[in-house]
Amino acid sequence: MSTLSARPVEDYTAKDYKSDLKPIWCPGCGDFGVVQAIYRALANVGRPPHEIAFISGIGCSSRIPGYTTAYGFNSVHGRSLPIAQGIKLANPDLLVLCAGGDGDGFSIGGGHVAHAIRRNIDITYIVMDNQIYGLTKGQLSPTSRRGLATVSSAHGAMESPVNPLLYVLGYGAEFVAQGTPADMNGLAKIIEEGIRYPGFAFINVQSPCVTYGQEDQMLKAQKATLQTLESLSHNPADRLAAMDLAQAYGEKLYTGVFFRHAKPGPTFERLARERQDAQRSTVKSRADVLNVFRLKKP
Amino acid sequence: MLAGLYVGREVPPPAESVDVATTNPLSPGIAMNTDLVIGMAGSGGDGIVSAGESLLTAAALEGYHGVLTKSFGPQIRGGESSFRLRVCTAKVLSPGGSLDLAVALNWEDFLKFGAELPVGGQTTVIYDSNTNVAPDRIPLVGVTPAEVIPVPIEQIARETGGSDRAKNTVVLGLMSGWLGIGRQEVIAGIRKRLAKKGEEIIERAEKAFHAGLEFAEQHPLKTDRLMAEPSAPTAKFVVDGNDLCAAAAIVAGCDFFGGYPITPSSEIMHFLGREIWKYGGTMLQAEDEIAGVGAVVGASFAGKKAMTATSGPGMSLKTEMLGLASIAELPLVCVNVQRGGPSTGIPTKGEQSDLFQAAFSAHGDVIRPVLAPVSAEDMFPVTIEAFNLAEQYQTPVIILSDQEVGQRKETAEPIDAAAIRIIERQKPTAKELEHYVRFRFTETGISPISHPGMKGGNYLASGIEHNEHGAPTANGEMHSRMNDKRLRKFDPLKQRRDLFIVDGHADAPLGLISWGSTAGIAIEAFHLALTQGLRVKLLVPRLLYPVSEQVYQEFFASIARGLVVEQNHQSQLFRLLRMFVDVPRGIEQLAKSGSNPITPAEVADRLRQISLALQREKHQQPSEG
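These protein sequence lines are chains A and B, in that order. Per this note's numbering, the very first residue in the first sequence carries number 224; after that it's consecutive. Per this note's numbering, the very first residue in the second sequence carries number 538; after that it's consecutive.
Next up, chain B with everything else stripped away, as it sits in the complex (with noise of 0.2 angstroms):
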């Protein structure tokens, strides 16, 4: 099993209490929320994600639960800025569906982000007065919110905190007066985070929160938003998804990273650059894509574990090294945090578009193993199974990341380092030494692996084909024994079910699907699905590649209908699963672009469909007997 793997039957009850109110004890009658999600946008100057990842501290530092996206333009400084933070009395998996408070700071920012930021009609928006909108006339088409409020929050700011810098905090002020949650905390952020700015700069935040806050308690919402009393332990982590792949690599044994700068993927390479030294390891940033695999091909060769990370483009341009790790049996892992495609696509948002790539990319007869993390905490325990595959099965191993895990905060429980279990490479011993054949075959087909220093353990590495020895040679039975030996080696890995989440009824007539970022989302519809009665049953890879037959042709017997939820326009997993798996006709996709959200609430509703759909078919067909 693998350690810290949030499995099927660990689901917590439905987080999807979203817009399920609780009685406010103290007062009853008014409802508390459980379940919050707010968006704000504005331009990149505003201190946008600044004041999200405040908020998400704070709240967390008061025991709530929570999900903080960020979303951008492609613009260095300025552009747009926006994040969606989903706050929670009970743990979290997804970004969750429509605002329940927007807050746009200036509307033609706002309006970038389209569905990204969904405002419905259960949405309280606030916005800077500034703007000189009436609350009537917002430019939000064919929607009506619940409560549209204009605040002064640019002159708030600047009568208060001396400055439209200070906009975020008159925000923050707002959203804690509005919330209930954070007073203290976030006070304390503002202090630390401008320690070093001197006591005049900290005391005119602070009054600029106060104004914030004053203004919420003077205007209280028609919708009140007041959290209620966090109901699940205590988060004892913030983690985001890049940063938490980093630390991973760390503490899997990796001693060098190589690796060129790409968005989203960067903090990967930042965190390391930092960390990695303490641990006696190595960053190099590379010259280019290639070169920052190509060196990890070669401290791996020395004997080193070692990983890089990347994004599309740069996944296109190291496609041939991993070829060459694939022949040579050399281990690495390669981070994929995808992002829009083909060509440079989108940069600043996710993806899951590069499936068929991770999968089908190299050229010749090659399997690689392909992993996915289904949120940011789930990057650990999916990183150190990402070396411990590459070390037993001596293969580059590919983690399909996207922008989203990758660059998404969440609160995490604590991870117990000491609990996970570390695979090393298979080291030949002193007798096999003695006459060492590099590429043996064996068994299993992996072949003890010796590295450079090692006495008698001297052989030839290739990306041409080879014989035991390592001698190069063209012969078509050579060459066939040994595709044979490079591909047989991965049949034990297609039967790790602990690769796979699984839960629901086995029986169940009805399939979900996904993988990735959009598996929070299939997973809270699932659940969402169960509470309303309808017979259904979820299936999560994390092994994406090698197709597990065996896995899912067992999901598959009890299922008439199903759906596929991913964010790509090709409905990529289903087309894979096509291609090994006999996939029953009524498996159905849901698949998207890149940065059009797909929410729990529209799985769960397409899961209904698909339902009443299969009862309405059993209906028509002739009674038996």
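Isolated chain A (complex conformation) (with noise of 0.2 angstroms):
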């Protein structure tokens, strides 16, 4: 967030940004940590939880705003992007989160992650990731593993997964991270870290789902395996280094920056607040745009 610097950081702690609403999920679920992450986040960052707006689809995941101080907006399945998009043009000084689940920004929402990126609207998009439809009660995601069975897939799924890693590095995406619960410290910090850039930030959290998960997505199992990107020594301003990292979605888990860009392009928002001051002096007040009907001899 650009805007950020010029304010003068106030005071907040974590419990600032935590609602008095008590979440739906299930005892142990991955997305207790990741809003805790979040939490955290917002309180390094320190902005008053009235300039924040918290945008999400639906989902067990999406119940998300509600559980933060922030003003929330829980949407409609996938459409938490273009919502989020428009809050953030209409008001430019807003801090914008998008969050929802990996069905939700893969599947019936899929369509709108590229433009998002296009047009680099400075929001910072949490996905998180379960591999699985947990509030419809365990049917195929998007991410699923190909010939994993659940209630919708009794004989197995057909299907390969999305890599939504490679996916929005294949979009063009500025900053792309992964993260886990597992992790709350390098959560917390890659999430103000998205917040932080100054463009479209993208960050999937391995959020295991409780109920429906498997043995080797849980907690537990994750700790085990996790390798920081750091400890690999990757470069995250290499895009081509982040997609070859990126590749071992599913088999390896890899946290931290897989890519930022190390000179951001230019937003969306800035581009048209630009486009305003300048075409701002050719009109006194709105009337005047009914000039153009005027009858004028030729």
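In case anyone wonders, no lab produced these hints; they're calculated from the structure. These numbers come from a predicted model, not from an experiment. Watch out, some of these pointers could steer you wrong.
What the hints assert, rightly or not - Sample of chain B residues facing chain A (criterion: CB under 8 angstroms; computed from the structure):
#: 1; residue: Val586
#: 2; residue: Ala823
#: 3; residue: Ala839
#: 4; residue: Ala1008
#: 5; residue: Ala1011
Backbone N, C-alpha and C define an ideal beta-carbon position, used for all residues, glycine too.
Quick one: dock chain against chain with the hints and give me the complex.
This is the structure in structure tokens:
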């Protein structure tokens, strides 16, 4: 957020971002860790809750805005990104967060991701990827592994999974990271980095479903297998190296920043503001717009 | 009262002096025309529409009133293209009936428009003699036009303008000569349009125009088509529905537009893409229809007035988002420039067949206001009203325009933006923000609305049912109370009598109802019927939904018989009314699918038949006493 540095950083703590609503999540759900990490990231960034808009779609994870003190919007399935973009364009001074599950982001709402990336609107998009549909009780999701047997794939999934990391890197996302509640410090840190990145930031979170998920996806298993990208000496400015590492999605659990553009591009809202500033002086009042209909002698 | 809205009692005297000729003061005995309809068709590259626009502008500059409608085939280049231009000495409300002058650059394209370009016994038919058809063999079946004149249009174009691209300019010369309008203005228009192309091109175009003019002067028509002097005050504006809708949105305070290209609504997006930045707003061409309205929902949540525009298929896609805006109680305006449906239907031609969809396409118990403009000019007050209703009632509002209103050009009265009233959404007071409750149960059902950035106003907006604080709930009692709040808030809207045009004798036994683009036809038919001595009254709803039971009950009170006129196959307004109102059994329907024209004469004729039937019925009844 480029506007942040201009503001006095107030002394916020994680508690200031936690609402009174009791989460509906199952005990042990990875999403508890995600929301805690978000509280911590927001406290470090230090924007007052009323200057934050937090938008989600539908799914277990999409309940998350209600558990914060920000202005929340628990919208419809798959459409959090269009709504979030409308909010940011209407008021670029807001800090806009967007969140949802892998079904919300890469199945029903998959078509919106590419365009949010193209526009490079300064939004932080957090996908809580659990490779299953939890809210509707255990069906196949777009990131489920091939062969997975679920209530909707009794004989095993015949599709290969979407790779969210390669997907967004392929469309040119400028900030791409992955985290897990199995490493709370790491997760809070990349969320904070995503928020601070001056443009569209994508964060995939391996957030296990304790009810319908697989053993090897649980936090305990993740702790044993995760490797930080830092430990691999990955250079986050190197997009091709990031794509190379991202190919291991589903096989290896890499956490940290895959890609951070060394020279952030212009955001849509900045270009919009420049266009407004350049053109505003040509009119005096809104009624001027009617002049185009005036009959004029050629 | 809706600012600038055309109200019944202000209806001008019958523009229905159709075919009524006045005497030419200069040469007594020669009739002069007050109202003419010109139709022209050719292929897409012929510059048909630009000729129509030139003629309308020229006529308007001379003080005439007019309506120009355009109709196209589905092709992007080539294909068939046509216009209908009605020129009148006084204000007109509809494209009129059959043609007085028909121009066919080629017969194949002309015939594709069928009843859209109706040739009758009074029509003068002009066609390009390069079609090698003898005047007595023109391919119009079952009709003998008043006069048929072959003109070597293409040949003149080549000889004078240097290419067949000057054909439309030759026709402008012909029209200018035979109608006696627009000589100076058409030439000035040509100069302006071709200014960048250099003096040589301009000179050629002028030559082509003069050659057409000369041809007309050398070939006087059997039926004189000279226009009489304008009788009504000169029009100061030329508007078209889509552009005016966009402009009205800016005047209303719209700061955000999100949409997706779709025929025939895209001009709204184009206009705002050019203009909205000057007023501090933003236009987003979204990746799809859903994202377009989604961004609008977001902008509204962020506190800004916002609009989207689309047509049938896009409307279907936006439906879920409109439901979200209803339950989250967020203001927005959604324009549906209707076209033939279902599915892709006829993208380039208008229809009024999305009324059921506008009223009922949401799942759940929902009311959202639906407004319809009766003309392109009417798009201004209706769009302003749509924003006002959206902000006042915190709801999506649908404007049901259609291809005809959206894309037609018409002369219009000057618009006084200073006279309109703009309504803003009710925001919470500082005191209310101390313990803010977003969806508080209030007497009116309307709760003050905050937006991000407003300290103390933080809340959760949601598509999920919620309590007063916005917290999700599955409680039946709360759901019932919230439904009641969201529906009850529209009760005062149904009392808005200024959203209806009512005209005629209050105790008339005959009723005429119409809406949207066909309302202009009905209004003209109504005046025609009055001059024919029928005891008829007129009702045109600009507010289509929620149905205002009281307004209709009062209208129906004196009525034994009547007619509902609309451009769709199922008589959608008639059926909608029957859902909410006790409609008298004698009400009939005149309903046609899109691109099958309805004319004022036809409507008046039906009214006369209905009136006769009513009289017969009365005679048959045994007399009292």
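Inset, instruction - Would you list, in rising numerical order, the hints stated earlier that this structure does not obey? - result: 1 and 5
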